[in-house]
Amino acid sequence: MILEECHILLVDDEQPILDMNQKMLREKGFQHIETAPDAVHARELMEKTEFQLVVLDIMMPGMDGFLLYEYWMKQGGAVPIIFLSARDEEASRLKGLGLGADDYLTKPYTLEELYLRIKAVLRRTYHLTENKKIILGNASIDLLSGTVYNKDKRYELTAKEYILFSKLYDNRGKIVSMNALMDALWPDGSYGLENSLVVHIRRLREKVEENPSKPKYIQTLRGLGYRLNGKDES
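Per the numbering used here, the sequence shown starts with residue 70, numbered consecutively.
Honestly, the hints are just simulated from the structure, not real lab data.
Quick reminder that beta carbons are idealized off the backbone N, C-alpha and C, glycines included.
Heads up, some of the hints might be wrong.
Claimed, not checked - List time: in silico DSBU-like cross-link candidates among lysine-lysine, alpha-carbon distance up to 30 Å:
#1 243 - 285
#2 92 - 220
#3 188 - 97
#4 243 - 117
What the hints assert, rightly or not - Simulated restraints on C-beta separations:
#5 92 - 214: 26 to 34 Å
#6 140 - 180: 26 to 34 Å
#7 143 - 220: 26 to 34 Å
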């Protein structure tokens, strides 16, 4: 099983948070996401589906997250848990970790932080890899090896091209500003003009696009940045 195929359950009594977290994970490529607004619905889902991870809010009406987790443990469950809570007291954090939770995240948190913690727990628990074979038309990009196969040609991504494509891939479907891309390529701020970024974009397009002069996948949004359009294929 690859990372993005894991079944994840999100439990939170705040529907906007559930919707936001579910949307983020789907955009990151996760295919099997279930949500529950309370412990009752969570228990029903847990009885029907074998989840690889549960992101569990603590402060819920009725049975709270701690009690729900203890219930699962008594039933013989061993699913990894990331607790979410608006409480930042040390006692609450220690209680959650003491119960055997794999991580604890205090609200408010950024979606990127939640995503990174989910990836870390899944990798640590199941020794999983990410789906890094990306199909863009005739091109197949393998980010595990940094190799591009386009029709009958084989290319190796340079270090800068690899960083650039990875940044676009991690934000696929979204606009990535030129500043964000330059920060990724030159984190020490040593870059000069935007022309350097444009050169790397052009060379990357020559490897992955069918017609680099009319790019279909690595798109330019004038005045905004670049966007990667495409899909994954395992």
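For each hint, the structure was consulted:
1. 243 - 285: 15 Å, holds
2. 92 - 220: 34 Å, violated
3. 188 - 97: Cα-Cα ~11 Å, so holds.
4. 243 - 117: 35 Å, violated
5. 92 - 214: 26 to 34 Å: Distance hint for residue 92, residue 214 holds at roughly 31 Å.
6. 140 - 180: 26 to 34 Å: Because 28 Å falls inside the window, the suggested range holds.
7. 143 - 220: 26 to 34 Å: 58 Å, violated
Of the hints listed earlier, those the structure fails to meet are numbers 2, 4 and 7, in rising order.
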